[in-house]
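Protein chains in written order, with full-length UniProt numbering: chain S, 1 to 276; chain W, 1 to 333; chain D, 1 to 289.
These are calculated hints, taken from the structure and not from any lab test.
Note that the structure is predicted; figures quoted are calculated from it, not measured.
No farther apart than 30 Å at their CA atoms in a straight line, the calculated lysine-lysine pairs in the DSS-like style are these: (1) K94/W to K119/W; (2) K8/W to K74/W; (3) K8/W to K184/W; (4) K119/W to K184/W; (5) K184/W to K101/W; (6) K273/W to K238/W; (7) K182/S to K101/W; (8) K119/W to K101/W; (9) K285/D to K106/S; (10) K94/W to K182/S; (11) K184/W to K74/W; (12) K184/W to K94/W; (13) K74/W to K182/S; (14) K116/S to K285/D; (15) K182/S to K106/S.
Residue-level listing of the chains:
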Amino acid sequence: MARAVTPRRKALNTAISWAVGLLIFFPILWTILTSFKTEAEAIADPPLFLNFSWTLENYAVVQERSDYMRFLWNSVIIAGGSTVLGVMIAVPAAWSMAFVPSRRTKDILLWMLSTKMLPAVGVLYPIYLICIEFGLLDSRAALVVILMLINLPIIVWMLYTYFREIPGEILEASRMDGAGLKEEILYVLTPMAIPGIASTLLLNFILAWNEAFWTLNLTAANAAPLTAFIASYSSPEGLFYAKLSAASTMAIAPILILGWFSQKQLVRGLTFGAVK
Amino acid sequence: MGQITLEKVTKRFGDVEVIPPLDLTIEDGEFCVFVGPSGCGKSTLLRLIAGLEDITSGVIGIDGNDASRTPPAKRGLAMVFQSYALYPHMSVRKNIAFPMKMAGVPQDEQARRIDSAAKALNLTDYLDRRPGQLSGGQRQRVAIGRAIVREPAAFLFDEPLSNLDAALRVGMRLEISELHERLKTTMIYVTHDQVEAMTMADKIVVLRAGHIEQVGTPLELYRAPRNLFVAGFIGSPKMNLIEGDAARQHDAATIGVRPEHIDVVDDGPWQGKVGVAEHLGSDTFLHVHGTGLADIVTVRATGEVGLRHGDTVSLAPRAEHIHRFDASGLRIA
Amino acid sequence: MATQHSRSAARFMMAPAVILLLGWMLVPLTMTLWFSFRNYFPLRPDRVPGWAGFSNFERFISSSAFWPSVQTTLVIVGGVLVITIVLGVALALLLDQPMWGQGIVRILVIAPFFVMPTVSALVWKNMFMDPTNGLLAHLWRFFGAEPLAWLSEAPTVSIVMIVSWQWLPFATLILLTAVQSLDGEQLEASEMDGASPLSRFYHIILPHLSRAITIVVLIQTIFLLSIFAEIYVTTGGAFGTRTLTYLIFQRVLESQNVGLGSAGGVYAIILANIVAIFLMRIVGKNLDR
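Please put together the full structure from these sequences, using the hints given.
So, in structure tokens, the structure goes:
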């Protein structure tokens, strides 16, 4: 319930909120601004906000020196591949649990959630070993599978909560209308669940894009995505602020834009439907 | 063709037997209504016939063939759901076409059947709208249209009118009855509303706790209810059920007299005070207290009657319309 | 409520997800458990592999690095939780107020959550916390103070700051969702009853938020227990910022003492499961509705 407030009160709220919002956003803003400065301007004292000579040079240098596009492509393949694969596996599972629930459904859902809580570091070496055994160390395939597995519980859960909102009678109607299981899922369930599936894809793409344990530990030169690309700026290149900023901006820009579309789904996806 | 037979059909959910062994035959072309209070198993029975639930034992036959294990899609039945269950992402045209698309009906034949269904149901102007843009009555017609185009062996209706407002309900009731007259296809209709049952059915099946209490035409049930439950369920206002001395005079444990079979007279056997008098114009319902027969005796007097709250009345039941029941609640012939 | 046919179809369709997750859980877990009872140095041919009994578990706990790492873990997790919850509640209440441009402010506040952990760690480390050129150093000098070498002088505090910045949006977003579900009439009723804003906060708003707060605490704990990139990029575990996760990582991959690291892994798994049980209870209860 929005209650009527005085314009003065509203102005005050607005001022405080914007100040706090900008403060929280400032590190990102500062990174983006710095990426357009020269190295000298980037470390100028006092700092320069907008009164510098804007340049795109850093972006060119970053791409040229460290082949940004290759890392970007790896990120897209790994995040995209794991998300699409995960949704393909999760849609049938979520359908089963939402529309043909049994006494065990709840236990299975909770068990799936529990696998998400397995600390990665606890199983680091076995996974590392398995990757070596199958020649998959530093391969995109291994990361696609691993990130798919760590996000699969979230994907199943999100889809499950969306599917539960679809009335079962509509699916029964399609069965009466002569649809088999395949037609029921393809022509009736999936089109109705498109918004839910889209938000699931989006959120999990973001989570996979930003994942920084497996991507750092299981990749070297070939399969390294943007997380590893940025980590390579740790030193000493990190002291070239303008280039670091350009690299960072390029790494986060795609996801910031996608993220803004997914803020509502974020709550549902990360709390497993416990907060609505 | 559309004869449906149930032989010794049972349904259990875990340890709970919701349908005890049950036999029923619905003849081809019949309009059969399952009626009963909520939880009586009437919807479950319909879903068993549809194939949306498995029967635990017994045989369901459609046109003489055993369909007990046939999936719903292959039974050749069409169903209209309480919530209409339209596909929200498809236009009205595509909704109606969906069963034909599943059955692989050729395009031009699809178009022909959609046209004729739309004309019959007044949907021609709405074919390109989405279900969300339609009113409740229109959605209901789309659901019926989707059922008609399949040319099914039988239509199954699961409380199709309960989401509509009262005025619309009467209109749709007539439309469904007319549809049945025109198509002559078997229809099975589930409702908890005995008025719908009485007005639409060729045959009524009264259910309680999964049991069939009585099967018959509306007038058979009205004239000769087989037991107290059917007597109390069919007819509006409800039949007056009277125990005690008045019943013993007729050699029965309970007697039942319908409100319309009690006359207000100058000197009748029963006396009481009028509580609430409901004046409908065509009829007047009198709720009479203090007769010593039952808490309230309801009387339906024809036309406008000048009785008010607190008036003393004298009542006479019509002897030929007194129903007698024994101690176990069964009708005494 | 379904037919035998659809039930068997359901089992079939659930199988891939269940089998994959079962494999993902059991295979590495069994291997970790196996390694934890072994002496195992893959890169040291001179050390003979063999059965170790419980010695890895004993050595992991009794090593001089263990207790400091537990302490660091607790400080980081606890610090981040307190900061994000307190600021998160405040922010949620603030953003719930009527204002102009609410959507944009929301976006500004949420943005840090979408920044990849390696980026936020590096940007904070170099551009803000660097003692000569960092923005915070500029700020300190502007006020005439001696700039701080954040990551070597106050390393744990620095990491808490970075991680809090990353997780504050998450807490805010969830708490804001909870605040918005608060019944306005309930607040108005309490206002009619003469409750002051402060007592309204304590007696109505806070109890309403308690469930959401619990969930934020549990979920963040699980993620915070395993933060890695933020330490890897900033201090590399130096200056007493080695958490339990980082210690295990070092044992396994840096010093290749797989047996010892695996024993540590088993401890981490047990720790995570204790938290997980509480979270599952809440989520499970919610499923029944």
